[in-house]
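Per the numbering used here, residue 14 is the first one in the first sequence, and the count goes up by one each step.
Please note that the accuracy of each hint is not assured.
[Unchecked claim] What follows is a set of in silico ranges between Cβ atoms, one per label pair, in the way DEER data are often shown: (1) K604 with K733: 50 to 60 angstroms; (2) E95 with I58: 53 to 63 angstroms; (3) E845 with D602: 53 to 63 angstroms; (4) P849 with K536: 54 to 64 angstroms; (5) F266 with L294: 23 to 33 angstroms; (6) E473 with K604: 36 to 46 angstroms.
Hints listed in this document are in silico derivations from the structure and should not be mistaken for laboratory results. Only a predicted model underlies this, so the values are computations on that prediction, with no experimental measurement involved. Don't be surprised by glycine CBs; every beta carbon is placed ideally from N, CA and C.
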Amino acid sequence: MKKLILIDGNSVAFRAFYGLPLLSNQSGLHTNAIFGYARLLEKLIADEAPTHFLVAFDAGKSTFRHKQYEEYKGGRQKMPPELGEQLAPIRRLIDAYGIKRYELDEYEADDIIGTMSRKADEEGFETIIITGDRDLTQLASANTVIYYTKKGISDIDKYTPEYIEEIYGLDPEQIVDLKGLMGDKSDNIPGVPGVGEKTALKLLKNHGSVEEVLEHLDEVKGKKLKENLTAHKEDALMSKSLATIHRAVPVDFGMDDLKFTDDNEQEKYELFKELEFDSLLKNMEASETEDKVEFSDERVTDMEALREDISFHLEVRADNYLVHKPEYVAATDGERTFVSHMDDVDPGQLESFLESRSTINVYDIKRQMGLLRHLDIHFQDFDHDIMLGSFLLDPSKKIIDVAETAAQFNINIDSDDYHYGKGRNAKEPTGEAHFKFLNDKVMAVHNVRNKMDTSLAEDEMLDLWKDLEIPLAKVLSEMEYRGIRVDASRLKEMESGIKERLEEIEERIYTLAGEEFNINSPKQLGHILFEKLELPVIKKTKTGYSTAVDVLEELQDKHEIIKYLLDYRTLAKLQSTYVIGLQGEIKEDSKIHTRFNQTLAQTGRLSSVEPNLQNIPIRIDEGRRIRKAFVPKDDAHVLLALDYSQIELRVLAHITGDETMTSAFTSDTDIHTKTAMEVFNVEREDVTSEMRRNAKAVNFGIVYGISDYGLSQNLGITRKEAKTFIDNYLDSFPEVKGFMKSIVQDAKRDGYVKTLLNRRRYIPDIHSRNFNARSFAERTAMNSPIQGSAADIIKLAMVKYEQSEAAQKFNAELLLQIHDELIFDIPRDEVEDFIPVIKEIMENAMELRVPLKVDYGYGNDWYEVK
DNA sequence: GGCCGGTCCG
DNA sequence: TTGGACGGACCGGCCC
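Kindly produce the complete structure, drawing on both the sequences and the hints.
Shown next as structure tokens:
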């Protein structure tokens, strides 16, 4: 991604000057504006990572605008000398950063910026313009955003076309018409007497431009106003012209000359030293040392020698920490490290060591807790988890190992894959090399933590990290360790039943096909269906014929073999994945211990592995019977399931504030029926089941980021019909329509979208020139805040429950989370008392403008829980 | 060992 | 702008 930053040199200098108290260095030079400037540059480089950079200055007194209007910028107060003396050092500062600087006789900085931003737009750049002058907002476009610095320079308003529309109801290009009519005191642009912002906006709303307003003077209401407009026609036109940024300045450089890399350490260092910018010098030194990781090798033999604030790490190569024991331990206080094989560590001593530390930082709390359990240590007093922090900072970055996370903070250590090898090159490292690896690893964990707080705070995710994800990791750890009891005999029974049926169906298929083949091979099946039996080809995949369910269903009437194939598919899936697969996951304790991945789903949802307990069949009874095998821990207990009703649509109602939707939820009406009433414009009693079904599909589509194609596929209707449904829907729910539009704009402006708890998801493809990629990005922008906020809510409920008195009072044990549902194991004689309590916690986990509703059920196995 | 098509869930 | 609903995991087949 090419990213250009354009700074309006003079206006930012003014803002920096007035934003900070008058500082000066030993030699008596005032430095506040220079310092403000330097801080701004630091922040821009860190936050925006520009690839191209330009600071434009106003050249001299005379510009082409003065020729047009002598008094242009007349009556301005003289620049205070305290600022004047800082202009030259500011230019030196910019040079020291290696940033291109430019000024041109006869033109203002605005015009240079306008010219370069136009070129940048044409060349597919993302552009940020920094200015203290609202005039520049006329340059806003889909890929250009104006950062307008208000008081000082840290307080920034971001002007995008949408924002301008929101505050003025104008397109960016109309800003000049606004100025033309109302004038601009600061630039001494006259405008039309008696016309201020309000009147100008009203006029522009009706006519669009200065020219059009003057064309239709007869339509203007108000005698005085009409008189003024008539008398000052020329002023209005000239004012507009003065305010219009000249976007074709003959600059003598190209985009390539603006290339920027942040590598002028030496020059910056010397200038900061001269100007006595100690805090900036310190920052530089800090990042210097972090770049060249020189880890302490002061190894101590007694972990007790470490100070109270530590990073801690238990190591085992295997993924499944519930099965595999820790093999090594490493800890550091930032200066000294302790590394040992577990055989040489006394678990009791380790536990009291952990208990006596004030602050403990780790990479992956849940894994550390799981490993500690092998030593019979139930410890959860961890304070930081850099893995969780790293995921929040950018969920699209794969969570791999400590090295990967550390690399994002310029700390370089050997990766796990490199150290341990892969596949046939797998190694079992031991000895000093391995100790060194563990030493570096725990040091990296420690050093990352110090930077992580700052990064998360900048992105406003510190609370999300500390109050949600970290406490949640501890809840999940308990759930994983606890496991869910499974009655293997019930699975065994099913297995033989399904096996017989599969064999029967297999025979039938072979007979109908006229030969034996591997039904599980789409390739062989495709050959049989589309070549041997000559059935019509409905859909192709990139490797051949598609034999997916929807294709087979379309072929139902064409051949008897199809229905057997469909049955075979269903049963084969049940048998392999669930009936047989699950049996293999039952451990010695007759339980299944899934692991929840907290750092994978891009929206912030959890996922579940080994096995996945979030996709146990439910929709078809045949599969649902699998749930009979999941049982409470004993006869005195039951399984209790509580699920949020329509949580995603409720979140959508909350975010958009749509009144129809909000009132439907407030009065607890069936949302799909309500949607059908709106979309088909009928009374409640006239909603047919088909209408409701269609409305339901549209609601799903809305949550997923609507597309006519997707809906048409889902409902088996034409694209055109689907489009009509969608258009009707959006007209019935205008706030939803507005949200869909504005969230995409947000994504374009910010590069990310976020949930109610500020969880981010970056959407780089939103700018893609590839239609598919861009469309997908747009749907992602629409869906992620909804799905992600729903994930925030249930996670919050889980943490709040664990921290509640109820968790102490009742013997309820949380077993599973399935996106909008929680499963508990609880004594039968407590369940009725527990339900209202847990329901209350879940329904009030977060306060929305619509109520949250929780349904529940309990029984002697998971199947009975309906 | 990793990808693909297919199917299960919210 | 010619394919796609949003998030996931796991299976068997198949290719390397």
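Quick check on a hinted range of 53 to 63 angstroms for E95 and I58, using CB atoms only. Because 27 angstroms falls outside the window, the suggested range is violated.
If you check the beta carbons of E473 and K604, does the distance land in 36 to 46 angstroms? holds (40 angstroms)
Using the C-beta atoms of F266 and L294, is the stated range 23 to 33 angstroms upheld? At roughly 32 angstroms between Cβ atoms, L294 and F266 fall inside 23 to 33 angstroms, so the hint holds.
If you check the beta carbons of P849 and K536, does the distance land in 54 to 64 angstroms? Roughly 56 angstroms apart at Cβ, these two residues keep to the hinted range, so it holds.
Is the gap between the beta carbons of K604 and K733 within 50 to 60 angstroms? holds (53 angstroms)
So does E845 sit 53 to 63 angstroms from D602, Cβ to Cβ? At roughly 29 angstroms between Cβ atoms, D602 and E845 fall outside 53 to 63 angstroms, so the hint is violated.
Hints 2 and 3 from the list above are not met by this structure, while the remaining hints are.
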